[in-house]
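A.B. asks: This is what each chain is made of:
Number of protein chains: 2
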Amino acid sequence: MILVNGEAHSDIPATDRGLAYGDGVFRTFPSRQGRPLVWRRQYAKLAHDAAALKLQTPNVDVLEREVRAVSKDHEGCAVKIVLTRGSGARGYGYRGDEHVTRIVSAGPLPPRIAERQAGGVKVRLCSLRLAAQPALAGIKHLNRLENVLARAEWNEPDIAEGILCDTQGHVISGTMSNVFVVLDGTLATPRLDLCGVAGVTRERVIDAARRAGMPCVVKTLSWTDVLAAHEVFLVNSLAGAWPVCAIDGEARALGEVTRAVQRWLEFEDDAEVL
Amino acid sequence: MILVNGEAHSDIPATDRGLAYGDGVFRTFPSRQGRPLVWRRQYAKLAHDAAALKLQTPNVDVLEREVRAVSKDHEGCAVKIVLTRGSGARGYGYRGDEHVTRIVSAGPLPPRIAERQAGGVKVRLCSLRLAAQPALAGIKHLNRLENVLARAEWNEPDIAEGILCDTQGHVISGTMSNVFVVLDGTLATPRLDLCGVAGVTRERVIDAARRAGMPCVVKTLSWTDVLAAHEVFLVNSLAGAWPVCAIDGEARALGEVTRAVQRWLEFEDDAEVL
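Taken in sequence, the protein lines are chains A and B.
Start counting at 1 in the first sequence, then tack on 1155, and there's your number in this note's numbering.
Start counting at 1 in the second sequence, then tack on 1155, and there's your number in this note's numbering.
Bear in mind the hints are in silico, worked out from the structure with no lab data behind them.
Mixed in with the good hints, there may be bad ones.
Same chains, same label: a pair holds when it works inside one copy or across any pair of copies.
To be verified - Heads up, simulated SDA-like pairs for lysine to any residue below, C-alpha to C-alpha not over 25 Å straight-line:
no., residue 1, residue 2
1, LYS1209, ALA1273
2, LYS1209, VAL1372
3, LYS1374, ALA1273
4, LYS1227, GLU1308
5, LYS1277, TYR1249
6, LYS1227, PRO1289
7, LYS1295, GLY1248
8, LYS1374, ALA1307
9, LYS1374, GLY1262
10, LYS1295, GLY1243
11, LYS1374, GLU1162
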């Protein structure tokens, strides 16, 4: 089911700036029987990203009602919200009074979530390097060709994810996930001030670690750091936390910190935080 | 008028990857009474850019027929062709057998083309810096948020264009145009191997200069080079060549090389070149 501006539609205008320029933002997250998980954080991040593009975010109640509507008939599903700057005259400029297009849809959850959480996933290093653009870094916007190109680098079905570095060789993220490592006894995740997407689950892990008294730092990480790490795991809102069990064909042990993070993520912490 | 995959439609599926990820390419160019200008170059560039994303380009006759159909009732109009990877399952990956979505539409030509060609345009230096991504450089793809952000830097109606540098301070392009300068008696335009869009009119100017025996180089240019240039002009397929008559409020003389380029662009050179 797809709702476009609240109405059941499967189409959007061909003149929409989301299509023309990728002029918009999005979120993807799980919903269970019509109840979106970690909803307040998802909404807050959507509003944050929209504001970065000077887009108006629809009212939280309007969006929540639509999320519930598209997901109510599913035991579990993946909800996607897209906000675009709507249709406008040709050209990059905008007036500021465009009507935001909101698209709320539900689809299947990714396969083998529990299996991958338990047994881990194999990953590879992508050859594409992410470009440094501080004006867009961290934002989950609709300009995602780098992710598309990186994901097209491999076909092996047993490789679940590719890790991306920036042009300086710093590790940034997976193609669809954020990366954490346990290095020298400390949980660490890459800085995302030049590129990458700052996901909600990354933020939840950082907050939960702080609450649990576990040191967690946001820092520059090299590929050597990842290879030297005691544990490596990937997070996103649909997958939770995936332990990495092999990097470029080399087996890795799963670890206790990753297991603790998985337990933290079982709790929906909206009430505590926002 | 808009044709989506050859049929009169104003909508596309909300699941299209062009919207989801900007996974596609586009062209914008003039058509006179149903006759697209410099069509073979436009098609060749569209096909080149599509191939860079491993997208299939529709047959040239199919596209030309649609371009003629949308533009036949206009004395002069701007035609836009968008190709996307069509609809697919959620996720950045694609199978490779997706049906390309083609969207062909006609809109008004930009205002005051002749006036600006004659009297020149005022430009400014944008503060946004273009990110270096060699995997996408030169391609007119649908990930255009940098252009949107740069164009939003100014509101003054008498400023026609903003000039963009990369993170190293090298001049790359306008938000919607390519840049040429006459420096030390030589025509020069920026390298676009790290960012920017390599436009058809830029290519036409380079070729025409070579045919005319005028030295024309593609090189790294700094902002200081632009300020020191004897002539600065901007080109795109809809505007032709615009002399720059002021940069950040400082008046500039228009020059003879720009006038020669304008005369070259009056000829449609498809037959000679392709």
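A.B. asks: Each of the hints needs a verdict: does it hold here or not?
C.D. replies: Comparing the hints with the structure gives:
Taking the shortest alpha-carbon separations for LYS1209 and ALA1273, neither the intra-copy value of 41 Å nor the inter-copy value of 36 Å comes in at or below 25 Å. Within a single copy, LYS1209 and VAL1372 get their C-alpha atoms no closer than 30 Å, and across copies no closer than 39 Å, so neither meets the 25 Å cut-off. In this homomeric assembly, LYS1374 and ALA1273 never come within 25 Å of each other (Cα to Cα): the closest approach is 27 Å inside a single copy and 54 Å across copies. Neither within a single protomer nor between protomers do LYS1227 and GLU1308 lie at most 25 Å apart by alpha-carbon distance, with minima of 36 Å and 43 Å respectively.
Proximity of LYS1277 and TYR1249 under a CA criterion of 25 Å is satisfied inter-copy only: 19 Å between copies versus 44 Å inside one chain copy. Taking the closest pair of Cα atoms, LYS1227 and PRO1289 never come within 25 Å of each other, the shortest separation being 38 Å inside a single copy and 44 Å across copies. Taking identical chains as interchangeable, the C-alpha atoms of LYS1295 and GLY1248 lie at most 25 Å apart whether they share a chain (21 Å) or sit on different chains (17 Å). In this assembly of identical chains, LYS1374 and ALA1307 lie within 25 Å of each other by CA distance neither inside one copy nor across copies; the values are 28 Å within and 32 Å between.
In this assembly of identical chains, the alpha carbons of LYS1374 and GLY1262 never lie at most 25 Å apart, being 35 Å within a copy and 48 Å across copies at closest. In this assembly of identical chains, the alpha carbons of LYS1295 and GLY1243 lie at most 25 Å apart whether taken from the same copy (22 Å) or from different copies (19 Å). Taking the shortest alpha-carbon separations for LYS1374 and GLU1162, neither the intra-copy value of 44 Å nor the inter-copy value of 52 Å comes in at or below 25 Å.
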